[in-house]
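From first to last, the protein sequence lines stand for chains W and U. Take 1 as the starting number for the first sequence in my numbering and just add one per residue. Take 1 as the starting number for the second sequence in my numbering and just add one per residue.
If you are wondering where the hints come from, they were derived from the structure by calculation, not from laboratory data. Errors might be hidden in some of the hints.
To be verified - With a Cα cut of at most 27 angstroms, we get these calculated DSS-like pairs of lysine-lysine: (1) U/Lys33 / U/Lys343; (2) U/Lys323 / U/Lys17; (3) U/Lys33 / U/Lys323; (4) W/Lys197 / W/Lys119; (5) W/Lys65 / U/Lys343; (6) W/Lys119 / U/Lys343; (7) U/Lys17 / U/Lys33; (8) U/Lys448 / U/Lys68; (9) W/Lys158 / U/Lys448.
Claimed, not checked - Covered, in the sense of this in silico footprint (three residues per stretch, anywhere, with C-beta under 8 angstroms from a C-beta of chain W), are these stretches of chain U: (10) 411-425; (11) 436-448.
We put the beta carbon where it would ideally sit given N, CA and C, even for glycine.
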Amino acid sequence: MAEGIRDKVAILGMGCTRFGERWDCGYDDLLLEAFQEGLADAGIGADQLDAAWVGVFYDEQSQGKSALPMSMTLRLPNIPVSRVENLCATGTESLRGAAYAVASGAADIAVALGVEKLKDTGFSGLPERTYGSFEDLYLPNFTAPGAFAQLAEAYAAKHGIPMDQLKQAMAHVSWKSHQNGSLNPRAHLRSTPSMEKILQAPIIAHPLGVFDCCGVSDGAACAILARPELARELLGADQPLVTIKALQLAGSSGVEMFHDSWDGTYTPTTRKAAQRAYQEAGISPSDIDMLEVHDCFSVTELVLMEDLGLSEEGQAWRDILDGRYDRDGQVPCQVDGGLKCFGHPIGASGLRMVFEMYLQLLGRAGERQLESPRYGLTHNLGGIPNRNIAAVSVLGLGDSVTP
Amino acid sequence: MPGIHAWGSYLPRLRLKRSTVAAQLAWFNRSIKGLATGTRTVGNWDEDAVTMAVAAAQSALNMVSEAKPGRLVFASTTAPFLDRSHSGLMAEVLDLPAAIQTQDVSGSQRAATSAVLAALASEQHTLVTAADRRAALPGGGAEMRYGDAGAAVLIGPGPGCAECLATWSAALDFVDHYRSQDLGRDYELEDRWVRDAGILATVPDAVQAACAEAGLEVSTIDHLVLPLPARHGRKVASALGLPAESLADTLHGEVGETGTGHSLVMLAALLERCASNQVIALVGFGQGCDVALFRTTAALESIKDSPFADALANGRELTDYLKLPYFSGQLSLDEGIRAEADKRTAMSTYFRRHRDLNGMIGSVCTACDTPHFPRARVCVACQAVDQMDDYRFAHRRASVKSFTEDWLAATPSPPFCYGNVAFEGGGNAFLEITDVEAGELSIGSPLKMAFRVKDYDRARGFRRYFWKPVPAGDNHG
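Start from the sequences and build out the full structure, keeping to the hints where you can.
Take a look at the structure:
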């Protein structure tokens with residue numbers, strides 16, 4: 001395995017907008033809001049940036065192509081700018097670009113931005129899109145909930161779990177995230193529905209009900225990255241420093257979609273990315289104190305607990321019902337509400353997960369602050385179960401690992 | 001003499017009780033109460049004349065393994081395109097060689113029998129397919145009487161299972177009904193006038209002429225296949241001096257009148273119950289009359305396939321009457337903004353892969369035997385590059401690996417079902433699953449492939465087709 005970027009990149013500052021139906025904001029307002037907060041948090045000016053990345057998925061209906069809408073909105077001073085896109089893992093892709101620039105020494109300070117303006121379609125749910133001129137000719141016109149719902153029946157059949165029990169576990173996933181989201185002033189959904197209400201919600205795509213689905217939100221997030229030495233210099237040597245311990249991606253090769261060996265119940269990419277991330281960070285799954293995963297749907301979060309090595313295969317549903325991933329459980333998951341309740345402005349989500357880890361590690365998470373977490377994991381998934389890009393990152397305090 | 005070597009039949013799975021129609025519309029037209037017996041077939045939203053003819057043709061080709069038609073004819077009065085060869089498309093769908101003569105015929109309810117007569121006069125093996133999906137306005141008798149179906153016969157040199165004895169044809173511009181491009185639906189004239197001035201003035205004479213041509217007494221006819229209402233059929237039989245029992249089942253009770261292919265649908269139903277050495281008069285009626293006389297042979301007894309009976313058994317009651325007018329374009333529903341998604345087809349993309357898409361042909365790795373759909377250049381299992389042979393999936397059984405019933409996706413018939421599908425012998429694909437209702441699928445459910453309309457591009461008047469799995473359980477053939 002390559003040397004990796006452990007502790008080569010520090011977070012100098014971060015910003016994140018309130019997520020939600022931001023009818024009064026365009027993509028540019030959201031970007032600027034996150035960027036200004038990030039600059040203020042880092043204590044630098046835009047003129048100190050050496051490079052910038054922006055992640056946006058549905059460019060057609062918001063900013064359009066390229067990084068120019070970003071660099072012109074933020075009036076960046078002719079620095080290198082790139083727009084990246086990797087489905088719902090777009091936010092992590094932006095982070096990855098900026099992190100690699102800093103780790104390589106190409107940039108002293110780089111910014112990763114992610115933004116999505118989803119609520120300009122005039123209807124609920126994600127915008128319709130094409131899968132390219134060939135795939136449109138044979139792929140089903142699937143929706144995101146329908147594509148992820150596939151996991152549930154297959155998982156239940158494989159492990160012999162009655163669907164009503166699996167539904168209970170799925171409902172618990174959502175119930176827990178609503179509880180968490182209610183404590184987060186930036187979250188899109190802050191209500192606290194009962195288990196009963198969650199279980200009785202109308203079905204969107206069998207067996208997923210409305211409460212099994214994450215919010216479709218507008219929002220933006222921003223991470224300003226620097227070499228750790230420079231960050232210490234800028235922030236002051238006495239300040240705690242959050243560094244990237246691991247940043248790994250794994251993309252499908254097509255096995256899930258086209259080969260008999262995949263049974264439709266898990267995400268092999270997550271397993272690969274997680275393995276590499278633990279190795280890069282020099283830790284094991286049991287070292288993880290908290291995590292933000294790609295809970296686009298309740299069942300996704302459920303199977304991810306196994307893919308990330310946190311639950312035994314076929315046991316995640318029991319661990320969930322036992323409260324293992326609740327805020328007061330052994331490994332709190334989605335402490336900020338997750339995609340489910342913080343919301344899912346696609347290009348921003350990967351960065352929003354890092355934002356929560358950053359706040360928690362620095363002890364700045366307010367009402368939802370966990371007790372001295374050391375390692376936080378983020379998992380960002382682009383695509384659908386049968387083909388996707390899985391991104392797993394580990395974040396920790398700069399002095400928590402001896403190099 | 002040439003003969004019929006195989007036959008095929010297809011009935012859509014949906015069956016609507018006529019009493020269900022009457023319950024909705026008798027307030028408007030009391031006379032339909034009198035028609036409110038039995039059921040009619042209703043094509044699903046993704047079925048049309050092409051897909052039904054394809055399904056019928058598949059069952060005909062399955063009947064005789066050595067079938068190699070050199071001609072493919074498609075007869076329909078409801079073919080979706082005025083200018084695009086449906087039979088050419090169907091040849092690819094059926095994976096027939098490109099060196100084939102194809103022809104679309106239309107213009108009257110006699111189109112299918114005229115195609116049969118032309119095939120009998122040809123030296124080549126000809127697959128005649130026929131199907132109609134005739135739309136009718138809600139509240140009329142046509143909506144009650146009509147049904148949707150497809151049929152096929154493979155005709156070629158040699159007697160086959162029914163040897164042709166003679167044919168006869170006569171033309172007469174008798175406009176008992178018409179459907180013009182301007183009007184777009186059937187305009188029907190008075191039933192008794194049609195019977196007296198049209199049917200009885202034409203059909204008996206034609207049958208007699210065919211018998212004379214064959215040197216047969218009319219009384220030797222065992223089965224009269226008349227695609228006409230039974231009450232008119234009885235008058236025709238009577239005029240010919242034949243007993244009413246000689247009339248083949250009109251299929252009014254379970255299917256309805258299925259348009260230009262109806263004689264062939266009736267013929268399929270008859271052949272499956274018919275003994276050898278029986279004389280059959282196949283009649284087509286529409287601005288004239290076609291007659292073909294056949295004598296069944298001993299070969300008929302050895303055919304065990306029963307495509308009509310199988311299709312008849314694979315029915316499911318349609319309880320929502322409104323699906324009939326909606327699926328046949330007689331009713332608009334608020335489909336929402338999501339349904340506005342553009343379904344434009346990139347024709348050059350389609351053409352690059354047309355045989356793969358139409359025939360559901362993928363590839364199989366010659367290094368490790370892994371099948372792929374769509375065709376791949378790099379093997380997903382062993383990464384061998386460009387070591388692939390063609391591999392057809394269309395005729396293979398499959399099973400459900402994962403699925404959902406999606407109530408959010410825009411579809412004419414929610415829920416929209418799709419899933420990861422595993423093929424017997426290897427190969428997996430993510431596919432739309434059709435002809436299923438909520439609660440019907442489970443992990444491992446057996447499936448078979450059906451050629452269907454994938455998307456309607458209403459803005460451009462185009463439709464594109466692809467294969468979809470349908471249930472293949474005990475009652476699904």
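Verification of the supplied hints:
Restraint check: the Cα-Cα separation between U/Lys33 and U/Lys343 comes to about 41 angstroms, which exceeds 27 angstroms; the hinted pair is violated. Between the alpha carbons of U/Lys323 and U/Lys17 the distance comes to roughly 13 angstroms, so the proposed pair stays at or under 27 angstroms and holds. For the proposed pair U/Lys33 and U/Lys323, the alpha carbon gap of about 20 angstroms is at most 27 angstroms, so the pair holds. The hinted pair formed by W/Lys197 and W/Lys119 meets the criterion: a straight-line CA distance of about 26 angstroms does not exceed 27 angstroms.
Of the pairs offered as hints, the one joining W/Lys65 and U/Lys343 holds, with about 23 angstroms between alpha carbons and a cut-off of 27 angstroms not exceeded. For the hint linking W/Lys119 to U/Lys343, the alpha-carbon distance of about 23 angstroms falls within 27 angstroms, and the restraint holds. Using a Cα cut-off of 27 angstroms, the hinted pair U/Lys17 and U/Lys33 holds, with the two alpha carbons roughly 12 angstroms apart. A threshold of 27 angstroms between alpha carbons decides the hint, and for U/Lys448 with U/Lys68 the separation of about 23 angstroms falls inside it, so the pair holds.
Pair hint W/Lys158 plus U/Lys448 holds up; C-alpha atoms about 23 angstroms apart against a cutoff of 27 angstroms. Figure legend: the region 411-425 of chain U, annotated as covered by chain W; annotation consistent (7 residues with Cβ-Cβ distances under 8 angstroms, at least 3 required). For the region 436-448 of chain U, the proposed coverage by chain W is satisfied: 4 residues have a C-beta within less than 8 angstroms of a C-beta in that chain, meeting the threshold of three.
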